[in-house]
Amino acid sequence: MKESARIKPVRSFTREDIPQVADMLQRLLLPEAPSGRMLSASELPGYLEQTFFDNPWYDESLPSLVFQASSGKLIGFLALAPRKMLFQNLPVRAVISLHFMVEPESRSTLAGVQLLKALFSGPQDLVFTDGAGLLGRRIWEGVGGVTSHLYSQRWMRILRPARQAVSTLSKHGASGGSKLFSYTTQVLSPLVSLADITAARMLPRYFSKVTSPYSEEELEVKTVLTYLPQFSKGLALRPVYDEHSLQWLFNQAAQMKLYGVFKKVQLRDEQGEVAGWYLYYLKRGGLGSVIQIAARKNSEGEVIDHLFDHARRGGATALSGRLEPRFMQELADRGCFFNRIGCLMLMQSNNAEIPNAIHRGDAFLTQLEGEWCVTP
Amino acid sequence: MNRIRPFVEDDIEQVSDLHWRVFDGASIPAPQKPASELRQSYTDYFERVFLRNPWRDDALPSLVHEGTDGRITGFLGVLPRRMLLDGMPVCVALSSQFIVDPNSRALGAGVGLLKAFLTGPQDLSLTDEANNASRKLWEGLGGSTALLYSVQWTRLLRPSRFVVSHFEGRGALSLLASASKPLCNLLDAALARKSPHRFRQTEPKVSGEELNADGLLACLSEFSGSRSLWPEYDEYSLKWLLETITRQTRRGALRKVAIHNSRWEVIGWYLYYLNPRGLSQVVQLVAKKNSIGEVLDHLFYDAWLNGSIAVSGRLEPPFMQAFSDRHCYFNCGQPWMLIHSHNPDILRAFHRGDALLSPLEGEMCMRFT
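Protein chains in written order, with our numbering: chain L, 454 to 829; chain Y, 73 to 441.
Derived by calculation from the structure, the hints in this document are not laboratory data. It is possible that some hints are incorrect.
Said to hold, decoys possible - Heads up, simulated DSBU-like pairs for lysine-lysine below, C-alpha to C-alpha not over 35 angstroms straight-line:
1. Y:277 / L:662
2. Y:328 / Y:266
3. L:686 / L:662
4. L:686 / L:750
5. Y:208 / L:686
6. L:537 / L:717
7. Y:208 / Y:277
8. L:537 / L:750
9. L:537 / L:686
10. L:717 / L:686
11. Y:208 / L:717
12. L:710 / Y:266
13. L:710 / L:675
14. L:750 / L:675
15. L:461 / L:570
16. Y:328 / Y:360
17. Y:187 / Y:311
18. L:717 / L:675
19. L:675 / L:662
20. L:662 / L:717
21. L:662 / L:570
22. Y:253 / L:570
23. L:717 / L:570
24. Y:277 / Y:266
25. L:750 / Y:187
26. L:570 / Y:361
27. L:686 / Y:253
28. L:537 / Y:208
29. Y:328 / Y:253
30. Y:277 / Y:360
31. Y:361 / Y:311
32. Y:208 / L:675
33. Y:361 / L:662
34. L:750 / Y:311
With the rest of the complex left out, here is chain L:
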């Protein structure tokens, strides 16, 4: 038998592969502009080691995958981050798939397809990605994955309309090199603030301060561990954390300063009971990103109101997050609009009931459970 015929091109990712994969990651996936990423090229090997070998859910039977050409060179990579979840109250093994890449000159070899096929035949109960693009979608769907249209939507809530409009136009101006526009917006800044004050007076329902019945404090890991089972009760698919894994995630999230300051807020009612919490990145003068909202039954609206008010007080012009279907009504009632811009959620499972649950929005699947907190 020939040597090349005995070597399987798709194999487990090992620590020895880190330098090659870090190089691929640097060249193929990460934006070139330094402002578009958190880690420098020299930090990528450490990131790969920490995220894919030293994470709290590391499982030898669910390794990340590489595609090795007969020359020995790695030409494809598919990272996997295992997670623990419950499906209909029974434990299931989920894996997040990310960093799906193949060297451009090798794409005709179907290395990507083989990597995905190897992944789909793994021992996990569910594999999903919430950071996919259109090309990834085509490949996933071709190999048996499906798109969750519901979890591929995002919501957006404008908090300071005039400032947000200027911020959006500034981005266009900046990309078009319009210094005049940038100068004009600076000069007109007091007028923009005045316009936002007027908007708050004319449309108090949308832009004014909300008097919340809840008091806020820094969210503690033990609060999530205690209340997550209660707040996600009734949902078919939900995550399971322990102190170590949740703290690890919070630490990861806090490092991602590119998106703003990571805020973890828990809310208590007058009796001191926890009514809910939210995690988001606050960006003063810009768009904040919401990672997770959790609320007890019948407190969803007040928790979301508090989040909007918190971000407004912190100087954000708008907030955006992935649609969590259980809050669809509350978000819609509060003047959010929705879009399908950005990443897609794709999934695959040999248990058809799991994707069905996700399709109908019957899952506690926020960005904290996704690839957000494990990207460089």
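Since the structure of chain L is already known, use the hints to place chain Y on it.
Chain Y alone, transformed into the frame defined by chain L:
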């Protein structure tokens, strides 16, 4: 004793009064009656839609709730429809005009009506213009919300005119809105120049042709394999449906356009209420998988050319990306589409977005206008 029974012709007068009191004359004391002209409209409407529709089936009647004194205190309109699930017939009961006398709500008239409706012999119970209260009721009785089909998309064609249109009919702001129209026109022209890909509509490369009922029937038949759950029409039912929705002139003139490619093959079609100077609403939009962009471009151009300031419609889930790529934004929330079925395959088709369930298949034709 309270009872629920099928709606019959003799109930029209009482149901009309109930409808009028609940929807149009809420502030008017109960003994008052609608004017004679309006009464005739009600009679025509209840007769035509609920008693003389093409799908009339004695096993799926509209329902009334009768109080102990024999007075009708609740009504639930039912329109049977037909669909195909992977080629197999599905009996659908579409509910609309769910009306309960406010004084009888505490007595469970609404719950009783809905329970009776949901336990009917149909394979699928459906409503697509439900409010939050109805949603709670349906879900409490085992129904579910088709979230993907409760999403509306909107494409702005003349953005500043669209913004200002929200102030129309609001006292002093309305005057301001009227006065600012010339300025808005200038601003919209400037935006079209600055962002042509977003706000300037260019003549589409594909051609459109007026679609009649026969043509639409042929199109629906040709495209029927593209989703698991698909509506089934015959010549009579489709003509009745088109005639009914064409009468709803308050929304605008109904335009029906088939889109052809260069080989003169139909690649899709759209039906919409054209509202010049306002928001145009799509009734049905269907396209081949790889042609949705061209069909959307044609629709937007047609609406823009005829003066619309925006177009909106119900999301077709398989085309979510195409809507997004063409700068549509989405609204979620009420009106909700609510479904109830004991067949998991039917529910799955909705939840994964694999059903053609446009407003043409929904309550639109059951509106009282």
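- Task: Against the structure, test the hints numbered earlier, and report the numbers of the ones violated in rising order.
- Result: 1, 7, 21, 22, 23, 27, 33 and 34
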